[in-house]
Structures are given as C-alpha cells and as structure tokens.
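J.: Using the hints, position chain B with the ligands against chain A.
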Amino acid sequence: MKTVLLLGAGSDIARATAHEYAKRGDRVVLASRSIEDLEKTASDIEHRRGAEATAVRFDALDYESHQAFYDALDPKPDVVVVAFGYLGEQRKGQAEFDEARRIIETNYTGAVSICEIVAADFEKRGEGTIVGIASVAGDRGRQSNYLYGSSKAAFDAYLSGLRNRLFKAGAHVATVKPGFVRTKMTEGMPLPGPVTAEPERVARAVLKAEGRRKNVVYVKGVWRQIMGIVKAIPEPVFKRLGM
Amino acid sequence: MKVSAWGNYPVVEAEVREFAGVEEARRKIGAARRMIPQGLARSYGDSAIGEAILSTLKNNRVLAFDERRGVVRVESGVSLAELVEIFAPRGWFLPTTPGTKFVTVGGAIASDVHGKNHHVAGNFSRHVVEMDVALADGAVVTCSPEREPNLFHATAGGMGLTGVVLEATIQLQPIETVFIAQETVKAANLDEIMTIFEESASYSNSVAWIDCLAKGASQGRSLMMRGEHAKRDELPERRDPLWLKEKGTIAVPFNFPGFALNSLSIKLFNELYYRKAPSGLDTSIVDLETFYYPLDAVHRWNRIYGKRGFTQYQFVLPKSESREGLKKILGRIAESGQGSFLAVLKLCGKETGLISFPMEGYSLALDFPITRNLFPLLDELDEMVHERGGRIYLTKDVRLSAESFDRGYPNADLFRELKRRYDPDGVFQSRQSKRLRI
Ligand SMILES: Cc1cc2nc3c(=O)[nH]c(=O)nc-3n(C[C@H](O)[C@H](O)[C@H](O)COP(=O)(O)OP(=O)(O)OC[C@H]3O[C@@H](n4cnc5c(N)ncnc54)[C@H](O)[C@@H]3O)c2cc1C
Ligand SMILES: NC(=O)c1ccc[n+]([C@@H]2O[C@H](COP(=O)([O-])OP(=O)(O)OC[C@H]3O[C@@H](n4cnc5c(N)ncnc54)[C@H](OP(=O)(O)O)[C@@H]3O)[C@@H](O)[C@H]2O)c1
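Protein sequence lines, in the order shown, are assigned to chains A and B.
Read in numbering that gives the first Met the number 0, the first sequence has 153 at position 154, and its numbers run on one by one without any break.
Read in numbering that gives the first Met the number 0, the second sequence has 370 at position 371, and its numbers run on one by one without any break.
Extracted from the complex, chain A is given alone in its bound form (with noise of 0.2 Å):
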C-alpha cells in the first residue's frame, strides 16, 4: 500500500485520480484549499472504496506554509501529484498583471516551492515519484493562451530538470501532459470531442506514468503528434497564424 498525496485535489483530474488509488487499496491524502469539500471527497472514497482517505489544507500561492505542511505529514507520501492549476484569462492577464501573475505563480511557482520540498525528501529517501500534470498548452506559445501555456511549459522544464537530479537518488519524476480534458476548467469551451478527453482517462495515465516510471506522457497519444505538427511550423509562418 502506497500513500498518494494529491496537490489540488479539488481539481477534476485529482478526484477521479484518488479513486482509481483508492480502488487499488492505496491510501490518499487530498490537499487543497477548500477543506470542507475536500472532506467529502475524503468521505466518499472510504465509502466506496474502503480506502483510507483524509483532507489537509495546501495553499500553493502560501509559499511560506509548504514547510511545515510537508513536515507535518505523516507518513510522508510515496506519491506526489502535483495537479492544481489555475487557466485565468488570457486578456484578462494581458491588461492586469494580477491575473497574468496568479496565473504564472499558480502553474510555475507555486509548484516548484512544494516540488523543491518533496524532492529534497525524496532525494534523502531514495525513493519516491511525484508526477507532474503539464499541459500541451506549454509545448508552444500561442496568442489564445500564452500566459498559462509559458506557465506550464516552464513546469515542464522544470520537471525534467528535476526527472534529471532525482534519477540518481533512485527517485522518479513523471510528466503527464493532457490535451483537452473535461474538467470544470474548460467548462462551457467548444471541446472537439474526438481529442477531449474524460478525467479518468488521465488519472490512468498518471497511474500508469508512475507505476512504470514512465517519463512523458501525453493523454490521448494523437496529442503527441498535433503536438509535432504545430511545433513543426516555421516561426515566421506561426506567427501569421493567429492561434
């Protein structure tokens, strides 16, 4: 039995990845900020699963808590999903930097604050993984996007960085990038359904990524090649492209 800590565990992709731990009997720990729903989540999974399942607070913009909310664990988790996100609006970014910052700071700083603490236990340890959940949205900068995209795509630098160090303490970092998911952060988006995918297909996929130390993982594998094409493209012809 594994124990599983949950980053953003509010999120769609975070819930339905602690039930499919929960079915395997491993226990879960969901953190985020709204600890009330997070408990019911918590209390759903003992239900259903008969899984052990509990709730703590974790502010990824509190850098200053990520410490002591690391310490106080116990026992210190096998598994580290790092899962919350924040999409903003990309306009809304481009005319207050508030938002562009909440943004950055939500996807990008936030995460290497508590990334930076897990990994130096992981590193003592020797073992461990803690897998990352990306986005295609940061293989290339677009104009629809571009402030959660360098957010992410900064995330995915980093976690190969990190990939890189830990591989020599026997610890494991996996990328799992997702394309469309359907997920309360594209609701009400026109999602083309053929490329959508569900939250489960990706809880799979970062189950499967961390049980065979599998380094990148795009969801819905065409993603890799639309991916290849829309990287592939001459800058002088992408930037005429508008998209």
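Straight-line distance between alpha carbons at most 20 Å, and here's what the computed SDA-like set of lysine to any residue pairs gives:
id	chain 1	residue 1	chain 2	residue 2
1	A	1	A	42
2	B	244	B	180
3	B	1	A	192
4	B	57	A	184
5	B	57	A	42
Since the hints were made in silico from the structure, they are not lab data.
Quick caveat: nothing in here was measured; it's all calculated off a predicted structure.
T.: Below, chain B with the ligands without anything else, positioned relative to chain A:
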C-alpha cells in the same frame, strides 16, 4: 449542445453546466438567469429540459453512513444504482425504488418517485430524513418534514422548480439477502387482476404487466409479479446471501427505424410474454435486479423507438373510479392501435405530499411512439382521466396543458404560490413548467 431526456423527444439546444459541492452550486446558481436541475435524465419528457441545465452528475459523493441504523447522507447526483451497489452487500437496500436504478437521488426526490411497494412504503420522500436545498438566491436551506416543512413538501415532487437539492439523508431498509421470493400470478382480465391486487395487499411489492391491446373478454389480461425480500433461510444452501452478481447488459446500439414498432410486433410481444408464464401461480427466487430492474438489462432501450422518440403516458385514477375508468381507457387505447408493449398496472397506496403523483387507486403506464396522431389521442385520454378525478404523472409528461395540470392537481395553485416564495424571479424553469404555467 443537443439534449433530450429518456423519451428522446423533444431534442433541444441547451447550455449544460455541472457542479460539485455546495460552493460551486451556489456560484453557478447565483450567476444564472434561468436554469433547471437535471440528474440522469430518466424523466421521459421535458421536465428536466430547458435552455440552461444544471447537471448534478458531478455532485455525487457519499458523505456518511450509519451502518447500524442504515441512514445514508449523499450528494444529490448519486444514483440509486450506486446506492444499491455500495450498500446492498452491507445489508441495506433502497426504501423504495422506481423501475430503473439509473436515476439520481435528486431526481427521485424531485419526482417523489414510487415503486412496487408504494402501498406500504409511500413515496420516496417519506424516507428522506432531511435535505439541503439551494434556492435561487444562493441560500442553502436545510429542510425536513419538521423543519421548513413547506420547502420540504414543495421540493419533494416539485420537479426542480423550488431549488436544487444538494444533499439528502435517506433511511434505507434492512435486507437479509439480495434476493426476492417472487410469485407470478396470471389474470385473464381486468376484474381478475384487480381482485388479485386486493388480495396482494399484504405483499410488500406488487405490480402487473398488462396487455393493453387485448379486447373483449380478455381485456386487461395480465401478469402480476409480487414478492418479498427473501430471508436467509429461504435461499438454497450455497448462495451467498448478500452477493450481487454483476449483470451483463445488452445494448441497443443505434436508433431503430420507427417502422420496427408497428402494432403487429407489439401484439407478438404481448402474446409471447403472456405464454411464458405457466398458468396459475408460479414461485421463484430471483435476485433483486431482475425483480426491480428488468429493463435495465437492456442498455439504452429507449432507442428502440427510433429517432422520433416516444413518451410514456402514466395516469392514476381514484380507486372508486378505477374499474370503469380503466375499461374505458384501455378500450380507447386498443382501438387507437397506438399503444405499447410495455404497460404497467399498479395499485397505489394513500396520497401524500403537495403535488406528488400517486393517489389511492390504479395507475397505468404505457409507452407511445411520437406520431402526428398521438397528441390528440392523449388529449382525449386526459379528459377521461380528469373527469374521473385522476391525474397524469409529470415526470413522464411532455405535452400536458396547464388546464389539465390544474384539474389533476388540486394543490397546483398552492404550489405556484410556494414556487413564487422560494423563487420570486422564476430562475428555475423547464420547458414543462412553462407549459404548465408554474
Ligand atoms: C425505465 C424507467 C422506469 C421508471 N420507473 C418509474 C417508477 O416505477 N416509478 C416512478 O416514480 N418513476 C419511474 N421512472 C421515472 C424516474 O424515476 C423519474 O423520472 C426520476 O425523476 C428520474 O430521475 P433522474 O435523476 O433521471 O432525474 P431527471 O430526469 O434528470 O430529472 C427529473 C426531474 O427532477 C428534477 N431534478 C433532478 N435532480 C434534481 C435536484 N438535484 N434538485 C432538484 N430537482 C432535481 C429535474 O429538474 C426534473 O424536473 C422511470 C423511468 C424510466 C426511464
Ligand atoms: N482541463 C484541461 O483541459 C487540462 C488540460 C491540460 C492540463 N490540465 C492541468 O491539469 C491540472 C488539473 O486540471 P483540472 O482540469 O482538473 O482542473 P480544475 O478541475 O479546474 O481544478 C483546478 C484545481 O486547482 C486548484 N488550485 C488552484 N489554485 C490553487 C492554489 N493556489 N492552491 C491549491 N490548489 C489550487 C483548485 O483547488 P481548490 O479546490 O482549492 O479551488 C482547483 O480544484 C491542472 O494543472 C491543469 O492545468 C488541464
């Protein structure tokens, strides 16, 4: 996106939003000008359909369970199927259940559904200990028969028009096994089946399948299924009393063409079904899914009616009017040649609630494919039902008029008044509520 309920009619363009938990519900209800809550859309018509829909399907957590008393607290999007799956193996079953388990707790409350045990257990809301309802202004109010009773009684059976049920506490019933000791009794005509119903009052569950195309002396020939939850010592030795085998389902993979369902095939089906039963009385032990949810074994059977869709017409007549009324109405249906192979007859128990459907007397439910000739026929049937003091079940309806609604539901105006109190701006609206002027 295009949405429709179980009858696949009407199909309308709607915006669908989802929520999980109290905070998100309040935020989304607060931001909406109009909406109607929707669960698993197992209502047949347009009661869960509107231009803006708030789906409860992600609001589906099991929050607490008192193993000793069998009291469960759930969010409204939890389905009855999930409750059976989780709690039947622990010795607790639904207090009452409709003929499909693919409905949500919220939908069961909002339609105040009834089951084969209505004459002993009443409507679903009788077993709701307490519930939290989010009103149009975002306030979340806890109500029960004792606390905020008006909101409780207007929400139970209130078709989603008072507010959104967020969470509910439900009293389950203890079972020793997941099996039913079932008896099948054959009835040659309407008088016979009515006598059998009267004689079956002491059974917890009773319902009859009735051939509504049979005419003359065999009008109303039917099969009654009645039964009790089996006790442990009624089972064969080797059977695990609380193990619910996972059922395979077969699917209807696409919309059947409409012509597949002419009255000939209906007659054939009825004939076959009828023959299958040995004469007189037949007893057997069946698992509870077979007993309660025979149709759930066919995934998406609603597609059998084709693209044009179908509706279910369900009415109840006061007991004193039932015999003559059923004869007339069955006669009219047979004559029309439009009726379905699926007709369910049930003797309901006492009337409760504000605008809940059941009243003491006979209820008949049957399916009709949507055709040009259908609605005039149903208008005629409405008249036959209402002149006898009966009513039409709203959760099945797709075409009832406001006048007919008022005739069938004496509390209609009281309900409208409560609706105005809890939802003064009319935020909660379905196509049905507009039609019925609620
Ligand atoms: C095969 C079959 C057999 C059936 N047998 C029976 C039967 O034996 N007895 C019986 O009584 N019914 C029966 N029904 C009808 C069914 O039980 C009801 O229509 C039930 O309400 C469906 O639940 P749902 O979750 O699908 O709700 P929906 O169809 O999505 O919604 C139904 C109504 O409930 C409202 N609603 C849904 N969720 C909420 C909520 N959280 N808060 C407030 N309002 C809400 C909607 O606005 C709508 O007015 C049957 C249906 C089918 C398809
Ligand atoms: N949906 C997609 O299409 C898609 C595609 C690619 C990648 N992703 C990524 O997948 C991850 C999960 O996404 P999702 O779609 O499941 O998201 P979601 O349902 O919108 O949930 C996002 C969650 O992030 C949490 N969060 C935001 N700021 C936080 C903070 N400061 N501290 C702690 N938690 C915070 C929120 O938790 P609270 O409950 O505390 O508010 C919220 O529950 C995200 O990293 C997202 O960027 C999503």
